[in-house]
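Student: Residue strings, one per chain:
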Amino acid sequence: GAVVSQHPSWVICKSGTSVKIECRSLDFQATTMFWYRQFPKQSLMLMATSNEGSKATYEQGVEKDKFLINHASLTLSTLTVTSAHPEDSSFYICSARDLAGWGEQFFGPGTRLTVL
Amino acid sequence: QQQVKQSPQSLIVQKGGIPIINCAYENTAFDYFPWYQQFPGKGPALLIAIRPDVSEKKEGRFTISFNKSAKQFSLHIMDSQPGDSATYFCAASHQAGTALIFGKGTTLSVSS
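Here the protein sequences line up with chains A and B, keeping their order.
The numbering of the first sequence is the working numbering, which starts it at 1 and goes up by one.
The numbering of the second sequence is the working numbering, which starts it at 1 and goes up by one.
Okay, chain B solo, but in the shape it has when bound:
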């Protein structure tokens, strides 16, 4: 049973576009939702994270939108650049320090 469903599997946008990646979770006990960025051959890097007491969090060009009632959260990348081309993973856990449940990942390609 996949507890965190991520879509789309891949995404192509032009430079300056705003790619949106969506995740849905099933376990209502989850209360920590991070997003990671991974380049080929590298470990995932924490981008931004949110807790369900807020509906939106912004850090630089990255924004998380959170809908607790729908059990969904999404990542928006403003003014996307070719350097943003990577695989993005959403994740969830029921406490920040416990094991993360990952989505299957979204491969983003930003064309110049």
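Just chain A, same shape as in the assembly:
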């Protein structure tokens, strides 16, 4: 089946630092990847849509200068949380669209970010 990986799986950082999260589609190519944020016991909230070779599209209310997204290849998208603050602590999950079949979306295992 389609596999999406994320790295790191968890990260703890100090307030004011930047953190980069990688999302990779391991066995398929993905022109489109999505970044979600999930708070405890809540649903997934779409942050942005990442298209290979073009600028990401951000959802309303998501600061594009704070959450930098780069989709440099068909298998890799990165999310950088710049100048992180405690309120940015959350579970970040990416998904990748499989070009084959129905274009189903497969999710990565998530990254737990804790900002002290």
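It should be emphasised that the hints constitute simulated quantities derived from the structure, not laboratory data.
There could be a bad hint or two in this list.
[Claimed, not checked] Some chain A residues close to chain B (C-beta under 8 Å, calculated; not the full set):
no.	residue
1	F34
2	S43
3	L46
4	T49
5	N51
6	G53
7	Q105
8	F106
9	F107
10	G110
[Said to hold, decoys possible] Ranges between beta-carbon positions, derived for each pair:
no.	chain 1	residue 1	chain 2	residue 2	range
11	A	S89	B	H76	35 to 41 Å
12	A	H85	B	K68	44 to 50 Å
13	B	S111	A	T31	42 to 48 Å
14	B	G16	A	S15	35 to 41 Å
15	B	G17	A	K64	45 to 51 Å
All C-beta atoms in this analysis are idealised placements derived from N, C-alpha and C, irrespective of residue type, glycine included.
Based on the hints, put chain B in the right spot on chain A.
Tutor: Positioned in the frame of chain A, the structure of chain B alone reads:
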């Protein structure tokens, strides 16, 4: 405005029971309806998905029933097991590859 409404919020069934989770959508342009299963601390895993040209789809113990006129779809889990205890999310999009709109989730607990 919540475009996909999911119920119930939580569900407890005994082993072997058939939990049913329901979702209703508003946007008639939606044409792709997946269900995801999520365990604590993990990413969602795609269980099964359906398009509106069929009324039912079955994969193993999981069945989606779809009612286009009512704009509703549901997940049935046959012969539920304690290992099925997880949070289930329905979702919808107007094309399979576009951003998914998620329901709020249903926490299922299967007791042995």
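Student: For every hint, state whether the structure bears it out.
Tutor: Hint check results:
1. F34: 6 Å, holds
2. S43: 5 Å, holds
3. L46: Hint on L46 of chain A: holds, closest Cβ of chain B at ~5 Å, below 8 Å.
4. T49: Holds - the Cβ of T49 of chain A comes within 8 Å of chain B, reaching about 6 Å at its closest.
5. N51: 11 Å, violated
6. G53: Violated - the Cβ of G53 of chain A stays beyond 8 Å from chain B, reaching only about 16 Å at its closest.
7. Q105: This interface hint holds because 6 Å falls under the 8 Å limit.
8. F106: 6 Å, holds
9. F107: 4 Å, holds
10. G110: Hint on G110 of chain A: holds, closest Cβ of chain B at ~5 Å, below 8 Å.
11. A:S89 - B:H76: 35 to 41 Å: Since S89 of chain A and H76 of chain B have Cβ atoms about 37 Å apart, the given range 35 to 41 Å holds.
12. A:H85 - B:K68: 44 to 50 Å: 45 Å, holds
13. B:S111 - A:T31: 42 to 48 Å: The hint (42 to 48 Å, Cβ to Cβ) holds, given that S111 of chain B and T31 of chain A are roughly 44 Å apart.
14. B:G16 - A:S15: 35 to 41 Å: The hinted range 35 to 41 Å is violated for G16 of chain B and S15 of chain A, with Cβ atoms some 50 Å apart.
15. B:G17 - A:K64: 45 to 51 Å: For G17 of chain B and K64 of chain A the Cβ distance comes to about 46 Å; the hint holds.
Checked against the numbered hints given earlier, this structure breaks hints 5, 6 and 14; the rest are met.
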